[in-house]
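Protein chains in written order, with the numbering used here: chain A, 1 to 242; chain B, 1001 to 1206.
Be aware that a few hints might be false.
As the list claims (entries may be wrong) - One side only, chain A facing chain B, incomplete, derived with CB under 10 Å:
no. : residue
1   : R79
2   : N86
3   : K91
4   : V152
5   : P154
6   : E155
No wet-lab data here; the hints were simulated from the structure.
Nothing here was measured: the structure is a model prediction, and the numbers come from that model.
All C-beta atoms, glycine included, are put in the ideal place defined by N, C-alpha and C.
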Amino acid sequence: MKHLLEVRGISKEYPTKPALRNVSFTIERGRTLGIIGPSGSGKTTLLRLTNLLETPTSGEIIFDGTSLSRADEVKVRRRMTMVFQNPVVFKRSVYENVAYGLRIRREKEDNVRKRVKEALDMVGLAGFERRAATTLSGGEAQRVVLARAIVVEPELLLLDEPTANLDPANVTLMENVISTINKTKGTTIIMATHTMFQAERLTDEAGFLLEGELVEMGETKEVFGKPKDPRTRAFIKGEMVY
Amino acid sequence: MLLSLRVSGTATLSAALTAIPFGAIIGLREFPGRRLLINVINTLMGLPPVVVGLVVYLLLSSRGWLGPLNLLYTPTAMIIAQLVMCVPIVAGITISSVRSVEKRVVDSAKTMGATTWQISWTILSEARTGLLTAVITAFGAAISEVGAIMIVGGNIQYYTRALTTAIVLQTRMGEFGLALALGIILLALSFAVNLVLTHLQLREVR
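Go ahead and model the full structure; you've got the sequences and the hints to work with.
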């Protein structure tokens, strides 16, 4: 199987502190990867680097055979979308929010209508089309953002703690959607989360990130069942103080 | 009344068409001297109309650079003066509205695969309430202004006499009743135009 994404020795340093140290891993098409780790461990930075929102200090990321440092960023981003921890909706209707990615790709109107409807049905927001997105609750807004990200059928979906601030009902709904699109569309997913249970429920593989270092990575069951590194074990047992 | 509306309307509209793109570029791009330029624009936002009138007068007078165009004491001269006044107002408010669009909104547009142009367009669309404020403020300044159009228009009856300059004239002649009536008309006119613009603005916010 061909790697969709290959991260080779990525480091990222901010003026105040290093965010990532020599991180390497690969993910194959159609798989789901959970990046777990405490707050501030570099999960967000890793996703932002992949989405070309930031550039690494050293190392390179190869997406579908092409190094991101040489790639056309718009072309790359049109094959992957990212959902941030806090929902960011545009000051438009729910419909226009979800249609955003299709409009900038100049999709035909009847196609836009059809796909927006499908996406809204999927996230349980049918009937919300004409609502102003800025008036939605946090959970609804995050579902709009998820619909906006999946409506363009990305090859890679980057999720940065997408359910961190949501109530349990919304978490379940979001998780179902994430799992469904992976299974039905074969979308590759990288998901940052600080809850191991979510990683366990949703991901094939898991990586444990601590202070910018990828401590351990493998099949989710293995990482959680038989962690090799004592730090991973401590995190899983909830003994880690951070 | 129609002259006031035509002059200030044209000046505001032309200012919006030129200063919104201009302000957007300054607000969105980083370049050397940007901070200084923003300071200059903010200073010009408070430009005294009389000074604008004087400068435009000097430019349009027969010895000025634009003298050969024979525009002095015409409605066009009045539009030019008000345009000069409105451009910094519209540009200044555009810059601040564009810059107040959050970075995470810009990131969201980026992550959806928007091109530079599409990102700029999205930012303008997010800032549209502020852009309407810019237009409302500019129109308010233009329609109520008297110093500049008095100097470059000359307050000629049936030609360059606007509501504000007519009020000045009637007051000087002791026709206070008429002056007050014109004042009320001016307010009503301004109110009507703002009603439309504010309706647009609030519809967007909702």
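Structure-based check of each hint:
This hint holds: R79 (chain A) has a C-beta 8 Å from the nearest C-beta of chain B, less than the 10 Å allowed. Restraint check, N86 (chain A) versus chain B: the minimum CB separation of about 7 Å is within 10 Å; hint holds. Interface restraint check for K91 (chain A): the shortest CB-CB distance to chain B comes to about 6 Å, inside 10 Å, so the restraint holds. The restraint placing V152 (chain A) at the interface with chain B holds, with a minimum CB-CB distance near 7 Å, inside the 10 Å limit.
Taken as an interface hint, P154 (chain A) checks out: its beta carbon lies about 9 Å from the nearest beta carbon of chain B, inside 10 Å. Because the closest C-beta pair between E155 (chain A) and chain B is about 12 Å apart, greater than 10 Å, the hint is violated.
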